[in-house]
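Engineer: Chain residues, written in single-letter form:
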Amino acid sequence: MEQPNLSYIRELSEGDHVFEKKIVQILQKELPEEYKEFLRSFNERKFKETAENVHKLKHKISILGLVKGYEIASTFEEDLKKDHKTHLYKSFCSIIEVMIDFIKPL
Amino acid sequence: MDCIIIDDDTTARLIVSKLCNKVPNISIVGEFSNAIEAIKFLNNNYVDVIFLDIHMPSFSGFDFIQTLKNPPKIVLTTSDKNQAFEAFEYPSVIDYLLKPIEFSRFEKSIQKLESYLIQKKENTPMLPEKDEGTNELYVNVDRRLVKINFSDINIVEAKGDYIKIKTENKSHIVHSTLKKIEEKLPNEIFLKVHRSFVINLSKIIDIEDNSVLIKQDVIPVSRSNRSELMKRLNLL
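Those protein sequence lines, which keep their order, are chains A and B.
Okay, so the first sequence: first residue is 680 according to the numbering used here, each after it adds one.
Okay, so the second sequence: first residue is 16 according to the numbering used here, each after it adds one.
Do not rely on the hints blindly, as some may be mistaken.
In silico lysine-lysine, DSS-like type, Cα no more than 30 angstroms apart, as pairs [what the hints assert, rightly or not]:
{"no.": "1", "chain 1": "B", "residue 1": "K84", "chain 2": "B", "residue 2": "K195"}
{"no.": "2", "chain 1": "A", "residue 1": "K701", "chain 2": "B", "residue 2": "K33"}
{"no.": "3", "chain 1": "B", "residue 1": "K162", "chain 2": "B", "residue 2": "K199"}
{"no.": "4", "chain 1": "B", "residue 1": "K84", "chain 2": "B", "residue 2": "K218"}
{"no.": "5", "chain 1": "A", "residue 1": "K727", "chain 2": "A", "residue 2": "K769"}
{"no.": "6", "chain 1": "B", "residue 1": "K96", "chain 2": "A", "residue 2": "K747"}
{"no.": "7", "chain 1": "B", "residue 1": "K37", "chain 2": "A", "residue 2": "K735"}
{"no.": "8", "chain 1": "A", "residue 1": "K735", "chain 2": "B", "residue 2": "K55"}
{"no.": "9", "chain 1": "B", "residue 1": "K162", "chain 2": "B", "residue 2": "K218"}
{"no.": "10", "chain 1": "B", "residue 1": "K88", "chain 2": "A", "residue 2": "K735"}
{"no.": "11", "chain 1": "B", "residue 1": "K96", "chain 2": "A", "residue 2": "K715"}
{"no.": "12", "chain 1": "B", "residue 1": "K194", "chain 2": "B", "residue 2": "K55"}
{"no.": "13", "chain 1": "A", "residue 1": "K761", "chain 2": "B", "residue 2": "K96"}
By construction, these hints were calculated from the structure, which means they are not laboratory data.
Isolated chain B, as found in the complex (with noise of 0.2 angstroms):
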């Protein structure tokens, strides 16, 4: 089992990796002081399990737990008693453990655990599910997680070692690839016409030979992808 561990407490995170050292078949491919950090490795990464703090300053755990669309089981590390109905109204949580956690109930948490994959391996391939039907996506925005709507975005332009979103009243600035950011955008509304540009199709308001115009903006299109622009383009 690969897992996680998320908390901003330096003792709280050495603390679950001992444990989870004392128990075989886990390990620990990441640990992060912040949920924002997490989120940017599993958007390249897989993992089985999470052992997540819920009281995180700025970015709770159930902030967190929220922002993933297809989140792998979940096990929540906290100091607080009273939060446990609210945890298991995430189906992704499989158990709640009080701090300080003792060994013996970390044991019976890992057999939940394993009882689990072992019927998801029974019944499912144990691979992420592709993000199907979602319309939004979020960005990280001087550490905070900012929500575009797919339709509201306009233009993705890539700026060195950071893309800058358009959307329809903003235009955002994040650390990131056009090669990412495309492979999120349904390609059904979004085409990459030039090197450095994504345009929403739905947007255009009209196409000159090697460009297209979108509110204000002229952007270039490359002759190699004018033809797929053309093609995709419901002409009269």
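In isolation and in its complexed conformation, chain A is listed as follows (with noise of 0.2 angstroms):
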């Protein structure tokens, strides 16, 4: 499986370890958050409102370098909107479980 990694965040701040520490601080902070209010939403079956959490989820998968992730990501949010469908809620789950594992430690 794609594993999550910091090179997006390290190009950017080109040693700035203050803006390194910022963002993995948000991340750390965000991260579990979003995702519980997803996974309530889904339970709910607030399919509109399931999708704008993976959009906002989408984001932090992009940060992250997570680029089979981010596809996933913006197909089920698609899926989610157009016609309520669900099949890649497993994968979606798996991958915001992986990105919470990684940043946890940081």
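Relying on the hints, combine the two individually framed chains into one complex.
Structural biologist: Right, dumping it as structure tokens:
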């Protein structure tokens, strides 16, 4: 499975550790919160809201360099909006859980 | 170049701000997590460029652009590839950046902006244009921007830190001052007749010594404003 990384953040920071720390701290705080929101809206079958939550998480997926993960999230978001299709739910959850595990100890 | 950043996502704002700090001649004068706060800021401040997220809850980037009468140049920042076509339907949109934004791509955007602003400087003064020919204004009511046509307004009343805008059918309480709204209203139709009241002259039913009647409201006219009021009336 594709693994998250800090390449994008490091490239952007050019050695600015304060910036790196700040962005990591935001991800550590917001990722679990937004994932929780996503699970809640999904379980309540509020698909429009779930698509919004996927959209929000999608940007964080791209920050952590997950190219395939980003594609999955984009398709999942469109599926939820158009036909309420949920077959990418498990893949999406795995991506976010891997990201949370990655960011937690940093 | 003065810019503002509008994005509901904290990480996105931080990234755009970092990108801006990497280029000379661009200074961030405001960061906003929603479009309504940005509109309030733009009511009193002029900027050269807005970095604007399209996808925001309740009030999208496109909604935001439509509320601006004289928008500065806008660089859209988004995670959606498929909105580029719609984006360039707005003349103020100068570029469309896909997240995560790479510095090399951001630099190109800045170059575009700079060449546009140099051109503009050569041709016109860089002052915000006066709002002429507008027939309405937008007010912030419960985090929504409500459109009010000038012709519908009967009275505006000062209420401490708020103003009450009375129209034909409704009243809106808005966090603002009488002075601010007076600047927005066309002075050929509206007149301040008292320190707490601005009225629509076309809605006057009758006038007594120190008051005017508008619909069922009796509005006081202060002595200092009375002569101006009389001048503005088409007396027989």
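Engineer: Taking the numbered hints from earlier one at a time, note which ones the structure violates and give those numbers from smallest to largest.
Structural biologist: When the structure is compared with the hints, none of them turns out to be violated.
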